[in-house]
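**Q** Spelled out, the chains give:
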Amino acid sequence: DAKTTQPPSMDCAEGRAANLPCNHSTISGNEYVYWYRQIHSQGPQYIIHGLKNNETNEMASLIITEDRKSSTLILPHATLRDTAVYYCIVRPPPGGGADGLTFGKGTHLIIQP
Amino acid sequence: DAGVTQSPTHLIKTRGQHVTLRCSPISGHKSVSWYQQVLGQGPQFIFQYYEKEERGRGNFPDRFSARQFPNYSSELNVNALLLGDSALYLCASSLEEGRAEAFFGQGTRLTVV
Chain L
-2 DAKTTQPPSM
8 DCAEGRAANL
18 PCNHSTISGN
28 EYVYWYRQIH
38 SQGPQYIIHG
48 LKNNETNEMA
58 SLIITEDRKS
68 STLILPHATL
78 RDTAVYYCIV
88 RPPPGGGADG
98 LTFGKGTHLI
108 IQP
Chain P
878 DAGVTQSPTH
888 LIKTRGQHVT
898 LRCSPISGHK
908 SVSWYQQVLG
918 QGPQFIFQYY
928 EKEERGRGNF
938 PDRFSARQFP
948 NYSSELNVNA
958 LLLGDSALYL
968 CASSLEEGRA
978 EAFFGQGTRL
988 TVV
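Going down the list, the protein sequences come from chains L and P.
Reminder that position 39 of the first sequence reads as 36 in my numbering, one-by-one numbering, no gaps.
Reminder that position 95 of the second sequence reads as 972 in my numbering, one-by-one numbering, no gaps.
Source of the hints: derived by calculation from the structure; they are not laboratory data.
Glycine is no exception: its CB is placed at the ideal position from the N, C-alpha and C atoms.
Any given hint could turn out to be false.
As the list claims (entries may be wrong) - Here are the simulated distance ranges between beta carbons:
no., chain 1, residue 1, chain 2, residue 2, range
1, P, R976, L, P73, 34 to 40 Å
2, P, R976, L, S6, 28 to 34 Å
3, L, I60, P, Q894, 44 to 50 Å
Stated by the list, open to error - Computed list of chain L residues with no C-beta within reach of chain P, every gap over 12 Å:
no., residue
4, D8
5, G12
6, A14
7, Q42
8, I44
9, E63
10, H74
11, V82
12, K102
Unchecked claim - Here's a subset of chain L near chain P, in silico, CB distances under 8 Å, partners left out:
no., residue
13, C9
14, Y84
15, L98
16, G101
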């Protein structure tokens, strides 16, 4: 799986949009970008994934650059409950690998009141 | 619907002992994966099982083993415990093999003394 690079920590004011960057310059043409988050003392939670088009769901938006070498996870209106470690993961397409998810150290997002 | 359930939630063992951790996946999910998360690090992949067969294995010693039962629940076994095995052990379930939209349990906190 391609390696990802994320800033170790970020702050964001409550109610503002939180934009979390991820670099994945070695991503292959068929690899997807996945985002998970882990709130303290809980298991990781799936957020969103995409291949090359921008994606949006009830939790977040995912913006992938045209060259697919980087992406940004956007939490449109951050709340205190969004404080967590956010992991960006690159994976083969569904059915393309059974070697689990490769988590890095992620970005610790702290939402400030 | 019940999420992924793991038992026990906390466990203290002595070096050299054996431990068994249990996981019940979300109803209808056939794939179960196990992860180890030491303090300050992201989860590390240990095993994936699908339809009772091992489909993937991470870089862990043979002291670690697992199995999946006909009802898709799973056990993770660790023999000859070392102090370094102290960690949060996470179970994740997904509908099918290779899908990265995985749902994680709360984990079992293992302390080896």
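**Q** If a hint holds in the structure, say so; if it doesn't, say that too.
**A** Hints versus structure:
{"no.": "1", "hint": "P/R976 / L/P73: 34 to 40 Å", "in the structure": "violated (26 Å)"}
{"no.": "2", "hint": "P/R976 / L/S6: 28 to 34 Å", "in the structure": "holds (30 Å)"}
{"no.": "3", "hint": "L/I60 / P/Q894: 44 to 50 Å", "in the structure": "holds (49 Å)"}
{"no.": "4", "hint": "D8", "in the structure": "holds (19 Å)"}
{"no.": "5", "hint": "G12", "in the structure": "holds (28 Å)"}
{"no.": "6", "hint": "A14", "in the structure": "holds (24 Å)"}
{"no.": "7", "hint": "Q42", "in the structure": "violated (7 Å)"}
{"no.": "8", "hint": "I44", "in the structure": "violated (10 Å)"}
{"no.": "9", "hint": "E63", "in the structure": "holds (23 Å)"}
{"no.": "10", "hint": "H74", "in the structure": "holds (24 Å)"}
{"no.": "11", "hint": "V82", "in the structure": "violated (8 Å)"}
{"no.": "12", "hint": "K102", "in the structure": "violated (6 Å)"}
{"no.": "13", "hint": "C9", "in the structure": "violated (21 Å)"}
{"no.": "14", "hint": "Y84", "in the structure": "holds (6 Å)"}
{"no.": "15", "hint": "L98", "in the structure": "holds (6 Å)"}
{"no.": "16", "hint": "G101", "in the structure": "holds (6 Å)"}
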